[in-house]
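Chains as they are written, first to last, in my numbering: chain F, 1 to 400; chain Y, 1001 to 1270; chain X, 2001 to 2299.
Think of the hints as simulated: they come from the structure by calculation, not from any bench.
From a predicted model like this one, the values you see are computed outputs, not experimental measurements.
We put the CB at the ideal spot given by N, CA and C, even for glycine.
Treat the hints with care, since some could be wrong.
Stated by the list, open to error - Distance condition first, Cα-Cα at most 30 Å in a straight line; then the derived DSS-like pairs of lysine-lysine:
no., chain 1, residue 1, chain 2, residue 2
1, F, Lys72, Y, Lys1054
2, F, Lys156, F, Lys285
3, F, Lys307, X, Lys2068
4, F, Lys283, F, Lys82
5, X, Lys2121, Y, Lys1165
6, X, Lys2216, Y, Lys1008
7, F, Lys307, F, Lys72
8, Y, Lys1161, F, Lys72
9, X, Lys2068, Y, Lys1161
10, F, Lys285, Y, Lys1008
As the list claims (entries may be wrong) - Output of the computed footprint for chain X on chain Y, the stretches with three or more beta carbons under 8 Å from beta carbons of chain X:
no., stretch
11, 1055–1068
12, 1181–1193
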Amino acid sequence: MKRTQLTQFSTLAAVLLLIAGCTSSSSSTDTKAASDAPALPNIAAATSLGDGEGALNIVVWAGYAENGSTDKNVDWVTPFEKASGCKVNVKVGNTSDEMVTLMKTGQYDGVSASGDATLRLIYGGDVAPVNTDLVPNYATVSDFLKNQQWNSAGGKMYGIPHGWGANVLAYTDGTVAAPTSWGAVFDTNSPYKGKVTAYDSPIYIADAALYLMKTKPELKITNPYALDDAQFQAAVDLLKAQKPIIGEYWSDYTKAVQSFESGNTVIGTSWQVIVNLVNGGKKAKVNSIVPSEGSTGWSDTWMISSKAQHPNCMYKWMDHIISPSANAQVAEWFGEAPSQTASCGMTADKNFCATYHATDAAYASQIHYWTTPTKACLDGRGSICKDYAAWTQAWTEIKG
Amino acid sequence: MYFSNRSKFLLKIISTVVFAFLYIPLLVILVNSFNTSKTFAWPPAGFTTSWWGKAIENDGVRAALLTSVKAGLGAMSISLLLGSMVAFAVARYQFFGREAISLLVVLPIALPGIITGIALNSAFRTTLEPLGIPFGLLTVIIGHATFCIVVVYNNVLARLKRVGKNLEEASADLGAGNWQTFRYVTFPSIRSALAAGALLAFALSFDEIVVTTFTSGAGIQTLPQWIFDNLFRPNQAPIINVVAAMLIALFALPVWLSQRLSEGAGSGRI
Amino acid sequence: MNSQLTSQFTSPRELRVSSWLHRHEKSRLAVLLSAPLFWLVVAYLGSLFSMFISAFWSVDSFTGSLVKTFTWDNFHTLITADVYRRIALRSISVAFLVTLIDALLALPIALYMAKVLSPRKRQVLVVLLLLPLWASYLVKAYAWRTLLAHGGVLDWLLHPFGLGTPGYGLAATTIVLCYLWLPYMILPIYAGLERLPNSLLEASSDLGAGGGRTFKSIVLPLLYPSLIAGSIFTFSLSLGDYITVKIVGGKTQLFANVIYDNVGTAGNLPFAAAAAMVPVITVLGYLYMVRRTGALENL
C-alpha cells in the first residue's frame, strides 16, 4: 500500500514537471535583459482619426466612468455612447499596480493612469503617444499639467490629463492643535499616539522622503521619488519609527472616513474628498492643509494602449472626458480638481474649483505628483536609485 | 437518554451565544441599511429609507447580481458534472492513482484563493487569450468551477459509498441497461447529495472575490466586485448593506427548500 | 475494500455481473475520468506549476516585463529577510488560532443540533447557519469594523461586563476570521455527528460512561475526520485572506498581503510566486499529515 502510494505521488510529480517544462519552454517570448537606462519604445502616435469601432474597453479608477448604473443622475458615459456609437466596457482597477497589470494584458484600449503607473506603461511599450491635435478639448487644459514628467517622455505627450489632487494633512478640529508641518505625523512622542493614520501603499515612502527633503538637507533629496540607498534608508527608517504611533493604515476611503468619524484617527494623510465626506456627515469636523513642506499628490492621465483594438473610440473618449461638462461632473463625483479650466464654470457647487484649488498654479506647484520610482533616477543622477519593487519590499518591511 | 439535563442546558446556552455571535453583525448590517451616514458611522446618525430606494433602482447592482448568478450557475453545472464523474470513478472502480484523486480534487480549495487566482490568470493569458478568448464571464466560471468541484465530489462520493453498488448490480441483473440503471436506481439515490453539493458550489462561487479579481475582464463585474468598488469610492456605500440584507432574504427560500430536499432522502433510508 | 468485494462474488450470477463490469470497466473509467482529470491536472496543476517556474525568474526593474532567466534571488530574499519569516509565522499562528477557536465553538453547537434537538428544529438551525453565508463577505467584514471601533457596538455591548473592544489589529483580525469561517467548521462536524448512530452513545451510557467520558472516548475519535475537514477550510481560508486584515487589521499584515502586494507591483509575479510557496508548502504539509484520516472526503 505504502509503495503504491509513493509510486502514485512520484508519477504525479513527474507528469507535473513535464507539463511545467512544456509551458516554460514554449512561453519564453519576451526575454529581455534588464537594463538600467531604458530606451523609449518606438511607437507612433495616430495621425488621423476614422470612425468609431463601436466598442471601447477601458480600465479606470472607480468613479471615473459612470454610466448611471450607480446613480441615475450621474452619467457621462451614456451621452458619449450615443454621440460616438462606442459601447463602453468599464473595468475598475483598484490600485495603480493592478491597472498596469491589466494594461499589460492588451485587452484594453485605454486607462486612467496615475503617475505611479504612467512611466511603467510608457517604457513597457504598453501605451502609445497621443496626438493632442486630435483632441480638441486639450487646448484649454491647465498648462501646469502639460508635458510633465509623469505624462510625457521624449518630448511627446503620452496621455491627456484628467484631474489631480493633493495628499493633504487632515486633522480633527479642536482635538488636534493646528499643525503646519508633516512633522506632526512623524513625531514619535506625538500626543496622538495610536490615532495617527497613513496611506497603505509603498508610494507613501515618498511622503517620508518629502519631509526629509526639507528637514534633513544633508541627505540632498531633490525628488521624493528618486532615492539612492542612503536617502531611501533614511525614509524607511523614518517610517519604521513612525509605525508605533500609527493607529491604522488606510487604503479605501470608506475606512478613512469611518476612522475620522469614530475618532479612531485624529490626524494623518488624507484626500480632500475624504475631508468633505467627514464634514458632510457632521460626526466630526476635520481640517485639511498642505503643510510647509508641500505634499505628494496624484495627477491622472488617460492613456491609449499601444495594442488598442478601438483606437478611434479611445480618442473620442479622451476628448469627451475632458470636455468642460463631463470633466466637471467627473471631478465633482470623484472629488478632485478638474484638468479642464473651462469646467470651473460648470460645477454644481460653485465653490468647487476654489475648494480644490483647480486653477491655482502656485498651489499645484507645491505638489510632488506620484511618479513610479525607477532605477534610473528621475532627477538624472544615473542608475543608483531604488526601483518600485524595492519600495514594495521595503513597505512590507515597514509594516513588519 | 445520554445527555444530563445540565449538559443539555449548557449546550443550549453555548449554542445561543454562538448564534448571537453569528447574527449580531447581520443585525448591524440591517440597522446600517437605514443609517443616514454615508459611511455607516455608529451610532446611526439618523433614520432613512433612501438607501433601499436607491438600491432598488440601481442598475449596476442588478447587472452585477445577474453576472454573479450566471457565474454561480455555470460553475455549479461544471462542478456537478466533473465532481460526480470523479466520484463515480473513485467509488465504483479500482485504478492506479485512486488515492491521489482526493488530494487533487481538494487542492484548489485548500490552497489559498490568491494562489489559484494568480496561477489561472497567467495561464489564461498564455493559453486562452492567443486563441481569442478574452477574460470575461467564461474565465470567471472556469476559475470558480475549479474550486467548486470538491464539494460536489465529496457529497456524491459519500452517498455512493453509503448506498453501495448492490442495487445497481441488481438492476443490471434484472436486465436494465446502463442508462435505465442510472435513471431509475443510481440517480434517485444520489439526488439529494447532488442538491447539497450544488447549493454549496453555488454559494462558494457567489461570494468569491479573490479568484474573481484575477480571472475577470472588461465589462464583467460580479456582485462581490461591485460591492468592493462601492467601498472604494463611497458616494453611496450604504447600499451595500441593503444588498446584503436583500441577499439573505432572497436566498432564505432556496436554502430552506434544498435543506428539506436533502433531509427528506437523507439518513438511513437506503 | 477490493478484496472484500471480490470475495463476495460467489454465485454464477454475480460472476456474470463482475465479468460484464470487467469487460467494460476500462472504457467506462476512461470516460468518467478524462474530462475531470484534464481539468484538474492539465489546466489547474499545469497553471500552478508554470507559476512556480516563474518564481525563478525576475522582473525588469523599469518596464515590469518578465526576465526569463533562472535565478535564486527571490528565494534568497524570502529566506534571508527575517520580515518574511515573521509574517509567515504570524499568519500560520493566526490560521491555527482561528481553526482552534472555530473547532471549540463548533463542537458544542453541532452536538446540540445533531443530538439534542428534534429533527424539525434541527432543520431550522441548519438553515439559520447557512443564511449568513449569503450576506457578502465584504459587507460582513465592514460590519465588524463598526462593531470593533472604539466607542462602537462592541464597546457598548461589553461595557457592563467591564470589557471593551480590542481595537483594530491582529486580535480583531482573528475574531473576524473566526466569524467568517465558523459555518464552514460547524457544517462538516454537524454532518459527522448526524452520521454517528445514537445507539452507540446509548450503549456507552448504558455501560456506565458519563457524558464527558462518552464524548472523549466515542464521539471525538469518530468525529476526527470531520474536524480535520472543517479545519482544512478554516486553516486555508485564513491563510489566504488579505482583505479582512486590510479592513480590521489596523497596521498589521499577513502573508497573503505579501503575495498580493507583490503580484500587482510592477507585476512582480516572480517574487509573488516564490512567496506563494510558503502557504503552498504549509497547506500541502497539512494535507499530507491528515490524508490518512479520510478527512479529504469529508469536506
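Worksheet entry | Distance restraint between X:Lys2216 and Y:Lys1008, which requires alpha-carbon spacing of 30 Å or less | 17 Å, holds
Discussion item. Just to be careful, I want the Cα atoms of X:Lys2068 and Y:Lys1161 compared with a cutoff of 30 Å; is the pair within it?
Written reply: With Cα atoms ~48 Å apart, X:Lys2068 and Y:Lys1161 exceed 30 Å; violated.
Worksheet item: Counting residues of the stretch 1181–1193 of chain Y whose CB is closer than 8 Å to a CB in chain X, do you get three or more?
Response: violated (count 0)
Discussion item. Run the distance test for F:Lys283 versus F:Lys82: straight-line Cα separation, threshold 30 Å.
Written reply: With a Cα-Cα distance of about 42 Å, the restraint between F:Lys283 and F:Lys82 is violated, given a limit of 30 Å.
Worksheet entry | Distance restraint between F:Lys156 and F:Lys285, which requires alpha-carbon spacing of 30 Å or less | 44 Å, violated
Fill in: Straight-line alpha-carbon gap X:Lys2121 to Y:Lys1165, limit 30 Å
With Cα atoms ~33 Å apart, X:Lys2121 and Y:Lys1165 exceed 30 Å; violated.
Discussion item. Between the alpha carbons of F:Lys72 and Y:Lys1054, is the straight-line distance 30 Å or under?
Written reply: Measuring from Cα to Cα gives roughly 9 Å; hence the hint holds.
Worksheet item: Does the structure keep Y:Lys1161 and F:Lys72 at a Cα separation of 30 Å or less?
Response: Violated: Y:Lys1161 and F:Lys72 sit about 55 Å apart, past 30 Å.
Fill in: Three-residue Cβ test at 8 Å for the coverage of the stretch 1055–1068 of chain Y by chain X
violated (count 0)
Practice prompt. Verify the proposed pairing of F:Lys307 with F:Lys72, using a straight-line Cα cut of 30 Å.
Written response: Violated: F:Lys307 and F:Lys72 sit about 33 Å apart, past 30 Å.
Practice prompt. Please work out if F:Lys285 and Y:Lys1008 have their alpha carbons no farther apart than 30 Å.
Written response: 53 Å, violated
Fill in: Hint consistency between F:Lys307 and X:Lys2068 [alpha-carbon to alpha-carbon, up to 30 Å]
At roughly 23 Å apart (the allowed maximum being 30 Å), X:Lys2068 and F:Lys307 satisfy the hint.
Hint violations for this structure: numbers 2, 4, 5, 7, 8, 9, 10, 11 and 12, all remaining hints satisfied.
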